[in-house]
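Protein sequences appear in the order of chains Z and D.
Per the working numbering, the first sequence starts with residue 639, numbered consecutively.
Per the working numbering, the second sequence starts with residue 8, numbered consecutively.
Check the hints yourself; a few may be wrong.
[Said to hold, decoys possible] Derived DSSO-like pairs: lysine-lysine, alpha-carbon spacing no greater than 30 Å straight-line:
1. D:K239 to Z:K1032
2. Z:K905 to Z:K867
3. Z:K1113 to D:K13
4. Z:K1114 to D:K13
5. D:K137 to Z:K1029
6. D:K137 to Z:K1110
7. Z:K775 to Z:K796
8. D:K25 to Z:K729
9. D:K239 to Z:K1110
10. D:K147 to Z:K1110
11. Z:K861 to D:K25
12. D:K239 to Z:K1188
13. D:K147 to Z:K968
14. Z:K1110 to D:K18
15. Z:K867 to D:K134
16. Z:K867 to D:K13
17. Z:K861 to D:K137
18. D:K239 to Z:K1029
19. D:K25 to Z:K1185
It should be emphasised that the hints constitute simulated quantities derived from the structure, not laboratory data.
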Amino acid sequence: MLQISLWKRVLILAVILAGIIFAAPNAFYNRVEGHNDALLALKKNGAMTPEQQQANSAWPDWLPSGLVNLGLDLRGGAQLLAQVNVADVYKSRVDALWPEFRKALADERATLGAIRRVQADPGILRIRIGNGDQMQKAIEVAQTLNTPVTSLTGVGQKTYAITSEGDQLVIQLSDAEKAATDDRTVQQSLEIVRRRIDAAGTREPSIVREGSDRILIQVPGLKSAQELKELIGTTAKLTFNSVISTTSNPNEAVGAGEEILPSSDQKGLYYVLDTSPVVTGEDLTDARPDTDQNGYPAVGFRFNVSAARTFGDYTQANIGKPFAIVLDNKVISAPVIQSHIAGGSGIITGRFTVKEATDLALLLRAGALPASMTFLEERTIGPELGADSIKAGKLAAAVGAVLVVAFMIASYGLFGFFASIALGINIALIFAIMSVIGGTLTLPGIAGIVLTMGTAVDANVLVFERIREELKIAKKPARAIELGYERAMSAIIDANVTTFLTALILFVLGAGPVRGFAVTFLIGIVTSVFTAIWVTRLFISFWFARKRPKELIL
Amino acid sequence: MAFRLKLVPEKTTFDFFKHQKLTFGFSVVMVLASLVLVFTMGLNLGIDFRGGTTIRTESDIAINVGDYRRAIAPLNLGDVAITEVYDPNFRADQHVATLRIQAQGGQEAISPETQSKVLAALQTVNKDVKITSTESIGPKVSGELVWTAVWSVLAAVAAILVYVWLRFEWQFSIGAVAALIHDVTVTIGIFSLFQLKFDLSIIAALLTILGYSINDTVVVFDRLRENLIKYKKMPLRDVMNISVNETLSRTVMTSGTTLLALIALLVLGGDVIRNFVFAMTWGVIVGTYSSVYVAKNIVLFIGLDRNKEKKDPSEKFFDKTDVATD
């Protein structure tokens, strides 16, 4: 008979109810969003403004308040796909090695002879050993500084690849260390980008890693990707270096371990600097906008304890000499050391505007990006266009739904009506699942829902057509309905599994808006099988139990 | 007796395979014509696939594309395509145009300076013009996207080939896959013919078409499998005809509801996704056609060997008891 066991009936009804409850917040989108924002503000600031309190009370706390995220194409905002140039880090890592190796090798001067750093490609440290025949000993000394790689994949491997070429010792990062460094670099960049964006106070940014060396940044509400680029595109790498000399020739030959950097404000002025910094921005504990003695904007900073000591010792030993403050490979100022600077705090002057000083302080506080970034892709969508898209999507969905429902009822009468109700439940379920998993609805996603409305009834059509056939061969109504469901099942399964496969591939390989389409389409396939098979069947069995028709017209 | 809309009579006995050579030949010609079109006219690739920048502008006063083009020309941005966009949803004073600018050297997306220069140039012609969206993709990403697109379509076809092979017969999977290749090719063909913008979203549409078309094909195959057991002695062609006729009403209903939803979206869904929806609408029509005239025709050409072996080869996929009851 058409009976559905009690526990199944309860389960089906429970799923429907849960679907409607969890989808409900989306019907009151602005109200629930205001409620959620107010709660977030409470958590962050510990208090709510009167407006926020009002927004908070507009939606009851005991109801679910999960919402479908609106994609950038619906809400407006900016998106950037950035590639982290991971190889940048090799150079600074290797440059920082020189003092350490110099010390270790110099301790063995008796056997090794004089040691000198020689010119090499970025990321490689070359050291000439005075007594070339003692290379073996030099390698041994260098190896004492070589530590095992600390990563899961690089177990048993060393940090540096140390080899020799003639009388030169060649030191670079080992492949395992490079891989570990790359991973760290991207992770760090992501964290710093997040801090910078959070500090700028934009809402609900999404910052995710994509592939091995890319970061996808989406910030709703931003007017242009350029704003975003300015915020995150600056490396903000700050170092304090010794000045060796100044020059007007940018191509002047310099010794190993020296580099030429331009002045940021004086055209034609270049500084020859020692590449190994005295202290770096990483040692900062604080940075804030400040003014110099003449009242011009400046950035005040404070070092941590060990850097404060290093800096103190350095200034004491170099009174009367200039040192350079280098930001992103430009010398922003090169003051002469007047006295021993103890305490580890100071100000950076550099003809800043107030905004520049504020931004620089923010960037320094958030930390420097370990590597530069290249922007591979950027999108900006204006909020008006997003609003237009939502309007168009809503209208199309409503009209599509009315047409499908009318067609179904005209074709199958009461059963078509049941299928239409199931369709409504199906859409509620899609929204409920999207809200619970925090899925993002994009414009193609809306298209996916509309398409689902068209195809969702397919399973019902298969069943109803089958029931018609069974009725034709003089089966009793109850038996025909039962057989209809039973015999249509294999076609329903095959048809939906194949569709599911293609949607899954779309989800796995697709990017951005295409993935948004795949998500609603995938969820739609699953929910439509559920509603078409179980929900309509439940309706039909309720109806049948009440009416007990002798004859069924379908 | 209650009223029922019946697009298909109760019982039909159309001979779908009467003009077998003609219908199949038609499909072959369509596929070949599409290939010729793609190779001669090429595709109007979007920036997803060739890098570059799309800028969407909006203004309250009417747009003169020629003026825009002349304003942009001094910037030397290379190939710039400017199109005016129309949509029934637009307000009367809403004039939209899109500018597509070719990729500028290097890996990077467009520079902010270029963007502001373009806006400044357009404002000399029309001072209240606004940029409502920009999209810029560097050549590195677009190169990768091309491969992702190709792979996803191939992976989908392969997955379907295997699934249909496991659930049915190898002949069925050849037929199904031929139908899919037909659908994809003919859809790409029409994009080439009308030079519609072909971007990543069209790949999504192609995959959706694959899903829809295989859905349709499989439903008829499922009935065919059932009927092959029911009518053991009947020639394959007749069993196929019965199967297609029996599922015809369902085919029309499902295509009908899907097309209704898609047409609503095509007309009212806005110009941003119009090409995407157009591809799907076209694909549903082509997919419905191909599941009968390509997939079944091929199975018919290859044959199912059931008489030669005096045994239905599809039996191995069924319970013996099931077969015995008939």
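*Take the C-alpha atoms of K239 (chain D) and K1188 (chain Z), compute the straight-line distance between them, and say whether it is at most 30 Å.*
Violated, at about 35 Å.
*Are the Cα positions of K25 (chain D) and K729 (chain Z) separated by 30 Å at most?*
With Cα atoms ~74 Å apart, K25 (chain D) and K729 (chain Z) exceed 30 Å; violated.
*Hint consistency between K867 (chain Z) and K13 (chain D) [alpha-carbon to alpha-carbon, up to 30 Å]*: Given that 30 Å is the threshold and the Cα spacing comes to 59 Å, the pair is violated.
*Given pair status - K867 (chain Z), K905 (chain Z), alpha carbons within 30 Å*: Answer holds: K905 (chain Z) to K867 (chain Z) is near 26 Å, not above 30 Å.
*Does K239 (chain D) pair with K1110 (chain Z) here, judged by a C-alpha cut-off of 30 Å?*
It holds: about 22 Å lies between the C-alpha atoms, which stays within 30 Å.
*Sort out whether K134 (chain D) lies within 30 Å of K867 (chain Z), counting only the CA atoms.*
holds, 26 Å
*Decide if the proposed pair is consistent with the structure: K137 (chain D) and K1110 (chain Z), CA atoms, cutoff 30 Å inclusive.*
violated, 64 Å
*Hey, K775 (chain Z) versus K796 (chain Z), does the alpha-carbon distance stay inside 30 Å?*
Distance ~19 Å between K775 (chain Z) and K796 (chain Z) Cα, so the pair holds.
*Between K239 (chain D) and K1032 (chain Z), is the straight-line Cα distance small enough, at 30 Å or below?*
Violated, at about 51 Å.
_Checking one constraint from the list: CA of K861 (chain Z) to CA of K137 (chain D), max 30 Å. Satisfied?_
holds, 12 Å
*Is K147 (chain D) within 30 Å of K1110 (chain Z), Cα to Cα?*
Roughly 61 Å between the alpha carbons, so the hint for K147 (chain D) and K1110 (chain Z) is violated.
_Between the alpha carbons of K861 (chain Z) and K25 (chain D), is the straight-line distance 30 Å or under?_
Violated, at about 62 Å.
The structure shown violates the earlier hints numbered 1, 6, 8, 10, 11, 12, 16, 18 and 19.
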